[in-house]
Each structure stands twice: as structure tokens, then as C-alpha cells.
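Novice: Whole structure, please, built from the sequences with the hints as guidance.
Per our numbering, residue 1 is the first one in the sequence shown, and the count goes up by one each step.
If you're looking for bench data, these hints aren't it; they were derived computationally from the structure.
Check each hint, because a few of them may be wrong.
Restricting the straight-line Cα-Cα distance to at most 25 Å, the calculated cross-link-like pairs of lysine to aspartate or glutamate (DMTMM-like) are [said to hold, decoys possible]: (1) LYS65 to GLU55; (2) LYS3 to GLU111; (3) LYS189 to ASP122; (4) LYS3 to ASP85; (5) LYS65 to ASP34; (6) LYS121 to GLU187; (7) LYS157 to ASP182; (8) LYS56 to ASP85.
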Amino acid sequence: MRKVLAMMFMTLDGVAEFPLYGKENDAGTGDQEDPMWEPRRESIDTLILGRIAYEKWYGHWPARKDAPDAGEWERAFSRFCDRADKVVISRTLRTAGWTNSRVFGGDIGVEIARLQSLPGKDIALGGGPRLLQAFLDRGLVDELLINMFPTLLGRGKPLFHVVDDPENPGDFVPMGAPGRQDFQVVEAKPLPDGAVFLHFRRAPGPSAP
1 MRKVLAMMFM
11 TLDGVAEFPL
21 YGKENDAGTG
31 DQEDPMWEPR
41 RESIDTLILG
51 RIAYEKWYGH
61 WPARKDAPDA
71 GEWERAFSRF
81 CDRADKVVIS
91 RTLRTAGWTN
101 SRVFGGDIGV
111 EIARLQSLPG
121 KDIALGGGPR
131 LLQAFLDRGL
141 VDELLINMFP
151 TLLGRGKPLF
161 HVVDDPENPG
171 DFVPMGAPGR
181 QDFQVVEAKP
191 LPDGAVFLHF
201 RRAPGPSAP
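Specialist: Next comes the structure, spelled out in C-alpha cells:
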């Protein structure tokens, strides 16, 4: 079955941001090492984006394939974004002008089940944090891939939220407890710019919804 891969950026203090860490990096562009998208780009044919993420991607990526200052990685990623089917999860956006894009405002669990029942490649969730949380709450994320930057922003949207702080004298939340989700480490790789690439796969057992 087609997997759902959540591909995210996060700071050391858990904020869902790309903190412009380093001179040559801006929103993941350039020709720096890319262990997140590059090894699996050809295995993905569908992008899931929230409205804000979609508007940011649409305002940037379509033009990069022809930009004179774009590197090889940027041009390739721009072409990938153009050809991928893009599903924009929004209840306010009416139309999506980017090629191969459509707006979906219904139940995301139903839509993901429908997509996974169809032939095709894997599905990438590209943002934002609220959409990721909605996917996690419904147990829809098969793999979690994170570029974590060694930056403390002190403000911004957290990539993951804590619903509450339950009384727990033993300071231990057992597997299978409500709200707990366990993943296995597939890869952890320091990057030259100081970030860390993290790849997790949902662990089998009582923690899986």
C-alpha cells in the first residue's frame, strides 16, 4: 500500500520552521546535501499541503526550474513539484492554480484511504504543522522525516503539540497509552550546515492506532 511520508523541518526547541540556518540556505533551496527528498523523490507522486504551505510553495517553486540563479537540485525539485499531484487541504481556498493541483475540504482520513486504495507511488505530507498534527491524531503517518536545526527560536508554531500533562507519579507513559505514538529510528545523519536529518518509521505494536 502507498505510504504517507511526513517531510518536515524543526528547530531544536520544536518549532516548525526553517530558520534560515547558514548563508546559502533559504527554505530548503540550493544544492546542499539533501537526505530527505533526494533519495525518495522518484518514489513519490502525490503531495499533501495545507493552505499556507501550498501558497508558499506555489509562490516559490514553479519559477525555480527556469531561474538563472537556481542550482541543479532546485530545478529538479521544481520539476518534481510541477508533475506531482498536489492535494491542498483547506476549507477556505476555492481553487488551486498550480498545475496538477486540487483543493480538498472533507475528511482527510477518507481521502487518504481513497488515495491509498489507488495504484501509485508514495504520498508526501509537506506541511504545515497543524496538518501534520491532524494526520498524527488519525494515525495516518507511516514515516516521519525531519531536518532538525540546532536553533532555539523561542516562539512559533510547535511541530508537535502536547494535549495535556497527565498526573503520572512514575514519570513513565506506557506503550499503548492514549496519545502515545512510537516510531523506530531508520536514519540519523548530521548535515554539513549543522542540521540533523532524522527518519522514523512507525513502530509495530500497541502504540500504533
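Novice: Determine for every hint whether it applies to the structure shown.
Specialist: Evaluated hints:
{"no.": "1", "hint": "LYS65 to GLU55", "verdict": "18 Å, holds"}
{"no.": "2", "hint": "LYS3 to GLU111", "verdict": "14 Å, holds"}
{"no.": "3", "hint": "LYS189 to ASP122", "verdict": "23 Å, holds"}
{"no.": "4", "hint": "LYS3 to ASP85", "verdict": "15 Å, holds"}
{"no.": "5", "hint": "LYS65 to ASP34", "verdict": "17 Å, holds"}
{"no.": "6", "hint": "LYS121 to GLU187", "verdict": "21 Å, holds"}
{"no.": "7", "hint": "LYS157 to ASP182", "verdict": "22 Å, holds"}
{"no.": "8", "hint": "LYS56 to ASP85", "verdict": "17 Å, holds"}
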